[in-house]
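Peer 1: Next come the chains, spelled out residue by residue.
Number of protein chains: 2
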Amino acid sequence: MTQKKQRTLGALLYPQFELLDLYGPLEMFGCLGDALKIVTVAEQAGPVRSFPGPNTVAEFSFASAPQLDLILVPGGVGTFPQLDNAAILDFLRARTPRAEIAMSVCTGAALYAKAGLLDGRRATTNKQFFTLTCASGPNTQWIPEARWVEDGSLVTSSGVSAGMDMALAMIAKLWGPSVAQQIADVTEYEWQTDPTRDPFTKFLDKGKFLPELGA
Amino acid sequence: MTQKKQRTLGALLYPQFELLDLYGPLEMFGCLGDALKIVTVAEQAGPVRSFPGPNTVAEFSFASAPQLDLILVPGGVGTFPQLDNAAILDFLRARTPRAEIAMSVCTGAALYAKAGLLDGRRATTNKQFFTLTCASGPNTQWIPEARWVEDGSLVTSSGVSAGMDMALAMIAKLWGPSVAQQIADVTEYEWQTDPTRDPFTKFLDKGKFLPELGA
Numbered sequence: 061m062t063q064k065k066q067r068t069l070g071a072l073l074y075p076q077f078e079l080l081d082l083y084g085p086l087e088m089f090g091c092l093g094d095a096l097k098i099v100t101v102a103e104q105a106g107p108v109r110s111f112p113g114p115n116t117v118a119e120f121s122f123a124s125a126p127q128l129d130l131i132l133v134p135g136g137v138g139t140f141p142q143l144d145n146a147a148i149l150d151f152l153r154a155r156t157p158r159a160e161i162a163m164s165v166c167t168g169a170a171l172y173a174k175a176g177l178l179d180g181r182r183a184t185t186n187k188q189f190f191t192l193t194c195a196s197g198p199n200t201q202w203i204p205e206a207r208w209v210e211d212g213s214l215v216t217s218s219g220v221s222a223g224m225d226m227a228l229a230m231i232a233k234l235w236g237p238s239v240a241q242q243i244a245d246v247t248e249y250e251w252q253t254d255p256t257r258d259p260f261t262k263f264l265d266k267g268k269f270l271p272e273l274g275a
Numbered sequence: 061m062t063q064k065k066q067r068t069l070g071a072l073l074y075p076q077f078e079l080l081d082l083y084g085p086l087e088m089f090g091c092l093g094d095a096l097k098i099v100t101v102a103e104q105a106g107p108v109r110s111f112p113g114p115n116t117v118a119e120f121s122f123a124s125a126p127q128l129d130l131i132l133v134p135g136g137v138g139t140f141p142q143l144d145n146a147a148i149l150d151f152l153r154a155r156t157p158r159a160e161i162a163m164s165v166c167t168g169a170a171l172y173a174k175a176g177l178l179d180g181r182r183a184t185t186n187k188q189f190f191t192l193t194c195a196s197g198p199n200t201q202w203i204p205e206a207r208w209v210e211d212g213s214l215v216t217s218s219g220v221s222a223g224m225d226m227a228l229a230m231i232a233k234l235w236g237p238s239v240a241q242q243i244a245d246v247t248e249y250e251w252q253t254d255p256t257r258d259p260f261t262k263f264l265d266k267g268k269f270l271p272e273l274g275a
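Chain order of the listed sequences is Y and D.
With this note's numbering, letter number 63 in the first sequence gets 123, and the count goes up by one each step, no holes.
With this note's numbering, letter number 107 in the second sequence gets 167, and the count goes up by one each step, no holes.
Isolated chain Y, as found in the complex (with noise of 0.2 Å):
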């Protein structure tokens, strides 16, 4: 019996993270059992917060982080500071050429366009700010109707929940669509195989972030 790759999956960690962007693929992925090692990184190691309260533990810092061969970085009002920050734009564009596959969800896009990395690529990202994040990438063509984008080795997902359906996509090319479509049965999910479907283009550019409450 051959011994089987196990590949590791590295989800990046930054103040304020939307979490469905980063938990959603990971419940996903999560479902690989032995074939999959994931782990969690951020520019130091520790207790990061995500945008409603609740703190994850990164696993490693940048510089301590393993070789990684999927990527995962997710969106969220955390984004926008962060394109300033260059430890996670350089790391970034140290660890993305070595990865077989680097996703991202919703704004998290705005992030590998401003390190350059899309440049010359399709990509997508979240709709209510659509404009906003595509800013990051004026050399990018950015895609306003797809549930998420597969260019080469980068993959760019549409808003929070869209990360999923890429997700079991990218299990469906790396493990077998047998495998991604059990793992969508097991999670009690109605995976959307389609990336060109995207219900959600009507709220491109709509802005908003937060429901608004009654009195």
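No wet-lab data here; the hints were simulated from the structure.
Bear in mind the structure is a predicted one, so any value in this text is a computation, not a measurement.
From the three backbone atoms N, C-alpha and C, an ideal C-beta is built for every residue, glycine too.
You can take every hint at face value.
Calculated from the model, a selection of chain Y residues having no Cβ within reach of chain D, i.e. all distances over 10 Å:
(1) D129
(2) R153
(3) G180
(4) D211
Under the rule of at most 30 Å between Cα atoms (straight-line distance), these lysine-lysine pairs were calculated in the DSBU-like manner:
(5) Y:K268 / Y:K174
(6) D:K174 / D:K233
(7) D:K64 / Y:K266
(8) Y:K233 / Y:K97
(9) Y:K65 / D:K268
(10) Y:K64 / D:K266
(11) Y:K233 / D:K266
(12) D:K65 / D:K233
(13) D:K268 / Y:K97
(14) Y:K262 / Y:K174
(15) Y:K268 / D:K64
Use these hints to put chain D onto chain Y, whose structure you have.
Peer 2: Frame of chain Y, contents of chain D only:
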């Protein structure tokens, strides 16, 4: 201008919890801004390991947790060892009667059931391990076909992804349907609003936990 009531949601953590059970609902609730404070609670404060690895920090121990208006109990393979943990069952017995809404996702329902809190009530849970989970509540009317089931203040959802639909339904109940729909739109989530629609009943008791990976 009157001061709006801020509620507190306590998310219960225990080792090997399922990521999306916790973070799907917390994404939706986390979009409420100042209307809801989210806190994490475990038997002891500190990092708690999820099933696939990443650690979430529990801010409060059972002893130090504040009054909880909403309670969220995730499921996962870690649920079953906790059925013999008196501390977690006592915590749920003490806190559930004082909560406005007490929720579970997936096998998390087994903890409420074992604590006796689902006696004489209707409830649902994960489909793949339905009968196994239901064994914790012999006096509960378990519903095999339901995305979620609401019985008084106890609200139990089906497996993993179903927690997001339940969370939005509870947001609609407490803050209004428009607020819930705005959150679904912002998170680019196709909210399933019908609690009786359950495409996963066909997997009842299949007992699949991890996909079969090819050689």
